[in-house]
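Residue 5 is where the sequence shown starts when you use this note's numbering, and the numbers rise one by one after that.
Rather than coming from a laboratory, the hints here were simulated on the basis of the structure.
Quick reminder that beta carbons are idealized off the backbone N, C-alpha and C, glycines included.
Treat the hints with care, since some could be wrong.
[Said to hold, decoys possible] FRET-style restraints, in silico, Cβ to Cβ:
id	residue 1	residue 2	range
1	Glu117	Pro88	26 to 32 Å
2	Ile31	Glu117	43 to 49 Å
3	Val155	Arg227	41 to 47 Å
4	Glu121	Thr157	44 to 50 Å
5	Gly90	Gln209	27 to 33 Å
6	Pro212	Ala153	55 to 61 Å
7	Ala153	Pro88	27 to 33 Å
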Amino acid sequence: MTHQNLTNLRAFGLRRQQGFSLLELTIALLAIGLLLGAAAVGRDLQRTAANQRLSTDFVQGWQLAYEAYINGVGYPPGDNATTPTGQVNANTTELCGNTLINAFLAAGIRLPEGRAEGMQDRYAYLDSNGNPQEVQVCFQNVAWAEPGATVGTYVSRQRNVMVLKSVTYSLAGMLDQQIDGRGDARFGRLRDASYANSTAVTTGQIWPIDDRMAYGTTTPTSRDEDQVAVTTAWFQMMQ
Numbered sequence: 005m006t007h008q009n010l011t012n013l014r015a016f017g018l019r020r021q022q023g024f025s026l027l028e029l030t031i032a033l034l035a036i037g038l039l040l041g042a043a044a045v046g047r048d049l050q051r052t053a054a055n056q057r058l059s060t061d062f063v064q065g066w067q068l069a070y071e072a073y074i075n076g077v078g079y080p081p082g083d084n085a086t087t088p089t090g091q092v093n094a095n096t097t098e099l100c101g102n103t104l105i106n107a108f109l110a111a112g113i114r115l116p117e118g119r120a121e122g123m124q125d126r127y128a129y130l131d132s133n134g135n136p137q138e139v140q141v142c143f144q145n146v147a148w149a150e151p152g153a154t155v156g157t158y159v160s161r162q163r164n165v166m167v168l169k170s171v172t173y174s175l176a177g178m179l180d181q182q183i184d185g186r187g188d189a190r191f192g193r194l195r196d197a198s199y200a201n202s203t204a205v206t207t208g209q210i211w212p213i214d215d216r217m218a219y220g221t222t223t224p225t226s227r228d229e230d231q232v233a234v235t236t237a238w239f240q241m242m243q
């Protein structure tokens, strides 16, 4: 092997040992960061779109079904047909599950698709960590705080509501903005169940959970792999 060939081989080996330059590493890291950012934005947009479908197809679908029931039958689902009280189930117990579905089907009311046939009262969705959750619809007559005779006072009245079980903070906030135009767990037609009849609370309240909390907890201790905390929301019906 000639001296020139040895020189060329050494030079080639030196270039291979030098690896990537700082500029090349910077460009590679920037590209990786952009790809990860785009993936995260894509996931957020996908979950937002899924929550929007849950709101329009499921929650609003059940609202329309309830109104159709009232207009067609003349009293709330589960009420006493002979002596109607105007209250769901004629008392304060929830109307849920197969009893709820059968009551609407017997009245000839078309129901939202929901999760599956026979499970039209449920809807599966993903929380902010990408983990599966399932919201369930019920109806109930509950105590509901409304303005009293003087400014700043509130009284408790019986109202029919749609019960939304297993709602995450992100979903509750989106529904609240769509229904009331603001995120407030105490006032408006959509409230957290724990605040709905708070006659002594005269100020707005944030939702008692957020996406930093793990399922079943009320402290911000969640990990990326955890299901996030859920709550129960009440959506006031007009009748």
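These are the hints, each one checked on the structure:
no.: 1; hint: Glu117 / Pro88: 26 to 32 Å; in the structure: holds (30 Å)
no.: 2; hint: Ile31 / Glu117: 43 to 49 Å; in the structure: holds (48 Å)
no.: 3; hint: Val155 / Arg227: 41 to 47 Å; in the structure: holds (46 Å)
no.: 4; hint: Glu121 / Thr157: 44 to 50 Å; in the structure: holds (48 Å)
no.: 5; hint: Gly90 / Gln209: 27 to 33 Å; in the structure: holds (29 Å)
no.: 6; hint: Pro212 / Ala153: 55 to 61 Å; in the structure: violated (29 Å)
no.: 7; hint: Ala153 / Pro88: 27 to 33 Å; in the structure: holds (28 Å)
Hint violations for this structure: number 6 only, all remaining hints satisfied.
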